[in-house]
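Enquirer: Sequence:
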Amino acid sequence: MDRRYDPEDLRGTLRPWLRDHVMPFWLSRIEDRDGFLEALDSEGRPVRSERRHVLVQARLTYVFSHAALLSPEPRYAEAAAHGYAFLTRACRAPDGGWYRAVTSAGAPADATRDFYDQAFVLFALAWYARASGERAPLDLAEATWAFLETRLSDPRHGGFVEEYLPGGEPKLPRRQNPHMHLLEATLALHAATRKGVWLDRAAALVDLFDRRLFDRGTGTLIEFLTEDLIPVAGPAGLWREPGHHFEWVWLLHDFHRHAGRPDALAVADRLYDFAVRHGLETDVGKPGGVFDGVNRDGSLAADAKTFWPQTEYIKACVARAEDHRDPQAWSRVEDHMRVLAAHYLRPDGASWHNQIARDGTSLQALTPARVLYHFFLAMAEVDRVSSRP
12 MDRRYDPEDL
22 RGTLRPWLRD
32 HVMPFWLSRI
42 EDRDGFLEAL
52 DSEGRPVRSE
62 RRHVLVQARL
72 TYVFSHAALL
82 SPEPRYAEAA
92 AHGYAFLTRA
102 CRAPDGGWYR
112 AVTSAGAPAD
122 ATRDFYDQAF
132 VLFALAWYAR
142 ASGERAPLDL
152 AEATWAFLET
162 RLSDPRHGGF
172 VEEYLPGGEP
182 KLPRRQNPHM
192 HLLEATLALH
202 AATRKGVWLD
212 RAAALVDLFD
222 RRLFDRGTGT
232 LIEFLTEDLI
242 PVAGPAGLWR
252 EPGHHFEWVW
262 LLHDFHRHAG
272 RPDALAVADR
282 LYDFAVRHGL
292 ETDVGKPGGV
302 FDGVNRDGSL
312 AADAKTFWPQ
322 TEYIKACVAR
332 AEDHRDPQAW
342 SRVEDHMRVL
352 AAHYLRPDGA
362 SWHNQIARDG
372 TSLQALTPAR
382 VLYHFFLAMA
392 EVDRVSSRP
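Residue numbers are given in this note's numbering: position 313 of the sequence shown equals residue 324, and the series is strictly consecutive.
Hints are computed from structural coordinates only; laboratory data are not their basis. Be aware that one or more of the hints could be misleading.
[To be verified] In silico SDA-like cross-links for lysine to any residue, where the CA-CA straight-line distance does not exceed 20 Å: (1) Lys182 / Ala147; (2) Lys297 / Leu276; (3) Lys182 / Phe235; (4) Lys206 / Leu159; (5) Lys182 / Thr161; (6) Lys182 / Ser143; (7) Lys182 / Asp239; (8) Lys206 / Glu145; (9) Lys182 / Asp165; (10) Lys206 / Glu153; (11) Lys206 / Ala147; (12) Lys206 / Arg272; (13) Lys182 / Ala118; (14) Lys297 / Val208; (15) Lys182 / Arg272; (16) Lys182 / His168; (17) Lys182 / Arg162; (18) Lys297 / Lys206; (19) Lys206 / Leu149; (20) Lys297 / Arg272; (21) Lys297 / Val350; (22) Lys206 / Ser143; (23) Lys182 / Tyr127.
[As the list claims (entries may be wrong)] Just the calculated beta-carbon pair ranges, DEER-fashion: (24) Leu311 / His168: 39 to 45 Å; (25) Pro27 / Pro181: 35 to 41 Å; (26) Ile241 / Arg205: 32 to 38 Å; (27) Thr237 / Asp370: 33 to 39 Å; (28) Asp314 / Asp17: 29 to 35 Å; (29) Gly107 / Ala315: 34 to 40 Å; (30) Thr237 / Pro119: 26 to 32 Å; (31) Thr161 / Asp370: 47 to 53 Å; (32) Pro27 / Glu54: 23 to 29 Å; (33) Asp274 / Ala315: 30 to 36 Å; (34) Gly107 / Pro181: 15 to 21 Å; (35) Leu80 / Ala215: 24 to 30 Å; (36) Pro35 / Arg399: 23 to 29 Å.
A virtual CB, placed ideally from N, CA and C, is assigned to each residue, including glycine.
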């Protein structure tokens, strides 16, 4: 089996590469007796750890659930069921929500209920329900939402706080990021159930984004906020992540497809324009890619290029191509698929350099399994659109 897709023939090579090489490669290395392992080393060997982070377990349960919907091979459905079983057996707190981390034996290792983690559990439950046809994951999703409303919602300022730990102090700063992923989860649950309540919840999050998280003056996304949801002072309040801009672009396009909200596309256009203008490498002598961070004024703040923002740029371009808002969007997809093949994929053709310097030097030895969520979803989106007649 080829260890690379052909960037010049995505329609013919991307799906076989995903199905026959990437997914078997990962599954054979990270599936463990209890849940999934959380990283590969630079040679593609599994890194063992006694901890299982709920974020990682949920993301990988999503990945294999989505893979099961794309492939008739039973091993992906079995892997999804394996992840779901570990989540529900070991990671659910008896007083509500999902622990941040457990041991490999299933004992609580960190009883914090992190907002970001809860969003990904909801996302995994939505996709596992679709893959399995079971009702129980959707009931768990409703119970998890009830926990969010009871323990993490902030009726005074809006949105949700960072975490819940009995007796713990409020955690600051607040972040846009978990709200973004909660929107992703509510849209996935609307797709899984077709229930209007999930679309209403998604709409409330888009409204919060519009009121509190979107900087209208610059067309940018505010990352870090005070308790009352205003930008924090200092450099953190000016920090902007192009990868998150692209992620919101894709989500706002998805929201429009669910809700028929063209106003969401207008905001997505502004986010995209800023991130393309300021967040992409323009030096032709260096590897192309999305920078880790810029400032509110567009000046470069962090010139490394982590892997996941590259995948979110691809997703944003796919969305713009699909919704006919950018005649150059598909060319951008093809160009960036070449960047991934040339500068990120390791010789095994299935793992990647998780962060490179501006000159292309690899900066991280490990490949985190949690990033497979970004990679697989982006590749599935490219495949979905490139496979159309």
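Enquirer: Checked against the structure, which of the hints given earlier come out wrong?
Expert: Per hint list: 1, 2, 6, 13, 14, 15, 18, 20, 24 and 25 violated.
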